[in-house]
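Visitor: The primary structure of each chain is shown beneath.
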Amino acid sequence: MSVRLGGCEACGHVHHYPRVPCPFCGSDRIAWVDARGTGRIYSYSVTHQASEPYVIAYVTLTEGPTLMTNIVDTPHEEIAVDAEVELVERDGVPFFRGTRA
Amino acid sequence: MSIRGAACIAGAYEHPLRKAPDTSLADLHAQVAAGALADAGLTFADVDGLFVSGDAPGIGALTLTDHLGLRVRHVDSTDTGGSSPIVAVGHAAQAIAAGKCSVALITLAGRPRSAPSPRDWWFLEDPSVPEVPYELPFRHTVANTYAMVARRHMHEFGTTSEQLAWVKVAASHHARHNPHAMLPKVVTVQDVLDSPLVADPLHRLDCCVVSDGGGALVVVHPDIARGLDRPTVVVRGAAEAVKGIAGGRVDLTWSAGAISGPAAFEEAGVTPADVKYASIYDSFTITVVVQLEDLGFCAKGEGGRFVADGNLISGVGGLPVNTDGGGLCNNHPANRGGVTKVIEAVRQLRGEAHPAVQVPDCDLALAHGTGGSLGTRHAGATLVLERTA
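Taken in sequence, the protein lines are chains D and R. Be aware that the first sequence starts at 1, since it is given in the working numbering, and climbs by one per residue. Be aware that the second sequence starts at 1001, since it is given in the working numbering, and climbs by one per residue.
Extracted from the complex, chain D is given alone in its bound form:
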């Protein structure tokens, strides 16, 4: 599994999560598109409601749509709005981590 997007063949826009019909124009002509797995952090929160803090985030993919995820394998001080991130899958779940320079 990577991150699957819905590409609308009628209006040309890409959406997430993928579905039929297109949430923008209502067309049922949707082609599944795999995202490249790169993007930037739109917003995030270091969450302390657990034994170990974890980072929830919205990441805006290079293709356009923004999705909910966790930022993993990244020191908290390197996590910021607009920081570049890349896909890292774990048990089929799409997490993201800071892009190594």
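It is worth saying that the hints were derived from the structure and are not from the lab. Only a predicted model underlies this, so the values are computations on that prediction, with no experimental measurement involved. Cβ coordinates follow ideal geometry from the N, Cα and C atoms, glycine included. Treat the hints with care, since some could be wrong.
Unchecked claim - One side of the interface only, derived from the structure: several residues of chain D facing chain R at Cβ under 8 angstroms:
no.: 1; residue: His15
no.: 2; residue: Val20
no.: 3; residue: Gln49
no.: 4; residue: Ser51
no.: 5; residue: Tyr58
no.: 6; residue: Thr66
Stated by the list, open to error - Using 25 angstroms as the maximum straight-line C-alpha spacing, the simulated SDA-like pairs for lysine to any residue come out as follows:
no.: 7; chain 1: R; residue 1: Lys1300; chain 2: D; residue 2: Val81
no.: 8; chain 1: R; residue 1: Lys1300; chain 2: D; residue 2: Arg40
no.: 9; chain 1: R; residue 1: Lys1300; chain 2: D; residue 2: Asp82
Following the hints, put chain R in place on chain D, whose structure we already have.
Guide: Here is chain R on its own, set in the frame of chain D:
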């Protein structure tokens, strides 16, 4: 069709309990219903419309209609989360205007403190809900989705944790006059900043309380209101809107209040500058900041500066907000604060708020609620209310 002036809020009642280990959910609903009807000077026999939401026991309005022995000709079980009772007032006004009922009872109650139930949050985990597979694995909570709203607001507009804290400080200044408030102690900005981080940047004192209890409202035809021995509170405008993650076009900087607010003001024929008192849903401090902007009390991005330095404190600032102490200090029954927002607005319009927080000559008030999460999908509902006699 406009509902301006089509209905009046004749009864309002807030349950005094904040913890109800020995009172059933059905009894809480029955007690708040009886309280609001007594407040209006009406009885269960007068009710011909029932408006409830997801916190009610059973299937929508069916169980309570039967349980309370009502003879209704109109029912409405619209569920928009915490904003449901505010939506219900608008829907009741529509039904009354259409002649479908003349005495509408709205109830809300719950026991999330004494008896938390998986039913309270089923929609976050049920695999038949389409967004669940794309959100549940990431351990989203109510707090951390609102925290992402706060983070983005800080990034785009320079809003600070100190500014957010002022919302809590104002609530605490009001709550000290409320004998039923869960948290009646005055706090400072520093107290908020020193409280533990729940979901960065939100601290524990940025979050509302979890409480049992409830409240109820009675909305009636103006002809009935004229025959009652209570000040008349007229529904001048009402609107609702839904906003979500929009197929991935996520924008956390504004809420559905940006749609429901202007629509309600237009129907009422007034502007934010005319409002003397505002009940603004305060699940978190950031909730108030975003909604105040969206409702037009200040420009987008100026909410942090607007709430600072006591501007929301009655008798101190320019816009008294949540003079009962709000969800941040008073109560948040059933994890749904909408009904208390309307109740305090009614108190202010009647001149029945605590004298220490009563707004002088309060003849126009607003109640606005958010149900769901500003960080994912939510419904905003706005009411403009006026005292006419």
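Visitor: State for each hint whether it applies.
Guide: Each hint tested on the structure:
1. His15: 4 angstroms, holds
2. Val20: 11 angstroms, violated
3. Gln49: 6 angstroms, holds
4. Ser51: 12 angstroms, violated
5. Tyr58: This interface hint holds because 6 angstroms falls under the 8 angstroms limit.
6. Thr66: Hint holds; D:Thr66 Cβ to chain R Cβ min 4 angstroms, cut 8 angstroms.
7. R:Lys1300 x D:Val81: 20 angstroms, holds
8. R:Lys1300 x D:Arg40: 24 angstroms, holds
9. R:Lys1300 x D:Asp82: Between R:Lys1300 and D:Asp82 the Cα gap is close to 21 angstroms, so the pair holds against 25 angstroms.
Hint compliance for this structure: hints 2 and 4 are broken, all remaining hints hold.
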